[in-house]
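Q: Chain by chain, the residues run as shown.
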Amino acid sequence: MVGRDDMEIVEKTTYTPLDGVTDEDIVIDTRDLTVWYGSDLAVRSITLPIYRNRITAIIGPSGSGKSTLLRCYNRMNDLIPGTRVEGSVIYNGEDIYGNGVDPVEIRRRIGMVFQKPNPFPKSIYDNVAFGPRINGYKGDMDEIVEQALRGAALWDEVKDRLEDSGLALSGGQQQRLCIARAIAVRPRVILMDEPASALDPIATLRIEELMQELKQEFSIIIVTHNMQQAARVSDMTAFMSLDRDRIDDRIGILVEYGPADQIFTNPVNRETEEYISGRFG
Amino acid sequence: MSMRTADMESRSERAASLAGRSSHAAWRKRKDALMQGVLFLALLLALIPLALILFEVFRRGASAMSWEFLTSVQSISMLRPGGGYLNGLFGTLYMVSIAVLISVPLGIGAAIYVVEYSSSRLVPFIQFFTDVMTGVPSIFVGLFIYTVLVQNGTGFSTLAGGLALSLLMLPIITRASEEVFRLVPDDLRNAAYGLGARRWQVILKVVLPTASSGLITATMLAVARAAGETAPLLLTALGAFRIVPELVGKPQSALPLIIFNEARGPFEAAHARAWAGALELMLLVLILTLLARRIGRRAQ
Numbered sequence: 001m002v003g004r005d006d007m008e009i010v011e012k013t014t015y016t017p018l019d020g021v022t023d024e025d026i027v028i029d030t031r032d033l034t035v036w037y038g039s040d041l042a043v044r045s046i047t048l049p050i051y052r053n054r055i056t057a058i059i060g061p062s063g064s065g066k067s068t069l070l071r072c073y074n075r076m077n078d079l080i081p082g083t084r085v086e087g088s089v090i091y092n093g094e095d096i097y098g099n100g101v102d103p104v105e106i107r108r109r110i111g112m113v114f115q116k117p118n119p120f121p122k123s124i125y126d127n128v129a130f131g132p133r134i135n136g137y138k139g140d141m142d143e144i145v146e147q148a149l150r151g152a153a154l155w156d157e158v159k160d161r162l163e164d165s166g167l168a169l170s171g172g173q174q175q176r177l178c179i180a181r182a183i184a185v186r187p188r189v190i191l192m193d194e195p196a197s198a199l200d201p202i203a204t205l206r207i208e209e210l211m212q213e214l215k216q217e218f219s220i221i222i223v224t225h226n227m228q229q230a231a232r233v234s235d236m237t238a239f240m241s242l243d244r245d246r247i248d249d250r251i252g253i254l255v256e257y258g259p260a261d262q263i264f265t266n267p268v269n270r271e272t273e274e275y276i277s278g279r280f281g
Numbered sequence: 001m002s003m004r005t006a007d008m009e010s011r012s013e014r015a016a017s018l019a020g021r022s023s024h025a026a027w028r029k030r031k032d033a034l035m036q037g038v039l040f041l042a043l044l045l046a047l048i049p050l051a052l053i054l055f056e057v058f059r060r061g062a063s064a065m066s067w068e069f070l071t072s073v074q075s076i077s078m079l080r081p082g083g084g085y086l087n088g089l090f091g092t093l094y095m096v097s098i099a100v101l102i103s104v105p106l107g108i109g110a111a112i113y114v115v116e117y118s119s120s121r122l123v124p125f126i127q128f129f130t131d132v133m134t135g136v137p138s139i140f141v142g143l144f145i146y147t148v149l150v151q152n153g154t155g156f157s158t159l160a161g162g163l164a165l166s167l168l169m170l171p172i173i174t175r176a177s178e179e180v181f182r183l184v185p186d187d188l189r190n191a192a193y194g195l196g197a198r199r200w201q202v203i204l205k206v207v208l209p210t211a212s213s214g215l216i217t218a219t220m221l222a223v224a225r226a227a228g229e230t231a232p233l234l235l236t237a238l239g240a241f242r243i244v245p246e247l248v249g250k251p252q253s254a255l256p257l258i259i260f261n262e263a264r265g266p267f268e269a270a271h272a273r274a275w276a277g278a279l280e281l282m283l284l285v286l287i288l289t290l291l292a293r294r295i296g297r298r299a300q
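Chains as they are written, first to last, in my numbering: chain S, 1 to 281; chain L, 1 to 300.
It is worth saying that the hints were derived from the structure and are not from the lab.
Be a bit skeptical, because a hint or two may be false.
What the hints assert, rightly or not - Capping the alpha-carbon separation at 30 Å, the derived lysine-lysine pairs in DSBU-like fashion look like this:
(1) L:K250 x S:K138
(2) L:K205 x S:K122
(3) S:K122 x S:K159
Note that this is a predicted model, so its numbers are computed, not measured.
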């Protein structure tokens, strides 16, 4: 059973700030976040600020806790029994893990796109309208659906067949449908868990272009296995890895966090450099 | 199998090995064909009894079936030909409807609880008791309703019969619905939660619609069982010679009950009618199933 001694805060993370941003620009502030699955420590003491209207990529080897961290931001980890979270995640001045906070409210403001496209077995229209409907939006649904589909660069391809099933689309289109569905509720932040890993290279490129457009209005946090993708799309990059001092326990820590340019060309931390140059992972 | 390097094989040897003509490959092909034959035989053996039943029922039932049969009520005298089973058809439809109204919401509700609230400690109990209930002999269900309801309240009645049938249908619907809900991928639930849905919204707006055609099939399986049951109705509905619109207070007729009574008597005319009744029951279940499939497809 993990004891209190494991909680000593060892300063292992290397930070490099981004030019031109201030604390005002922080949309989510992660402070000392630690997650247990049952009695197993999964990630420890993650501290990093997420900046507004930027794309933040989380990279690292398998099992380093990237998805675990991502799922903390919209409290999807709550759905896994036995999950325990310590530390805080400050959004809009409030700790989303604070007392009395309703996870459902969080998820409306912090949306998620999953690795495997998962449209509902409903029409394209009903897929996009699902979020607004369950959140009680009144008003012009047609308008909301069209805006969301335009925002996901899918409108032109489906505008004449909104009643067709969402499942009748290709993989890349389905994923854009899922993005449209997520942005229809107008969240502030969009979490993306390896959104292009199940797609072919052309579809992947379209998603990456879409992300650049989306960041005008939303803040994006993306987990990706694909380092080239992270280098292409992200503004800030966070490198997570397994704690080398306790390699058997498989604890994920944040090794380095900084502007993407700097991480990929001139990382400060030796471990980051090893990962980037493919020496492990 | 011996390993050969490419240059050791002559061209004819290579051709032969690709066509699977080496002795080992030939044996495997024969074994494959043999297994296919065995499995096909098993299929035939399983289907033959079913085919025989269907054939017999059609043959004997069709000759006694007539428009008069389908539209008239039983005549007083069993030994003469004539009359029909309309009272039974009415009673069966009436009682099965009651049973569906009770067992479908309860069964689906229980299945939802078991799957969506799976961490609850009640779940193993529910599953255990459901499994036990599937095995309860239908006469026991009839006896139970008889002692609890027939003797103490309603007497032999439509309601008692309907309740007995609902107890038979309930475990079937619960178990089958549970399987259907488990088949709904978690991906879909996660997508809904990710959009800020509450648990009941996920169940109502994603899980149920996705599972709808499977649920209809589950219901039809249960209806098919209930429509054909005789034993529980012996002690609850009892039987009647006319059309019974009363819910309580008067015994109710049912197709299986009439078939049972007419078939075991000594009268030829009654036997012929019983075959027609069996055909009618079979067609009823077939029509209900097809109807349900139609509705299920529309719902998608």
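Q: Decide, hint by hint, whether the structure agrees.
A: Hints and how they fare:
no. : hint            : verdict
1   : L:K250 x S:K138 : violated (53 Å)
2   : L:K205 x S:K122 : holds (10 Å)
3   : S:K122 x S:K159 : holds (16 Å)
The structure shown violates just one earlier hint, number 1.
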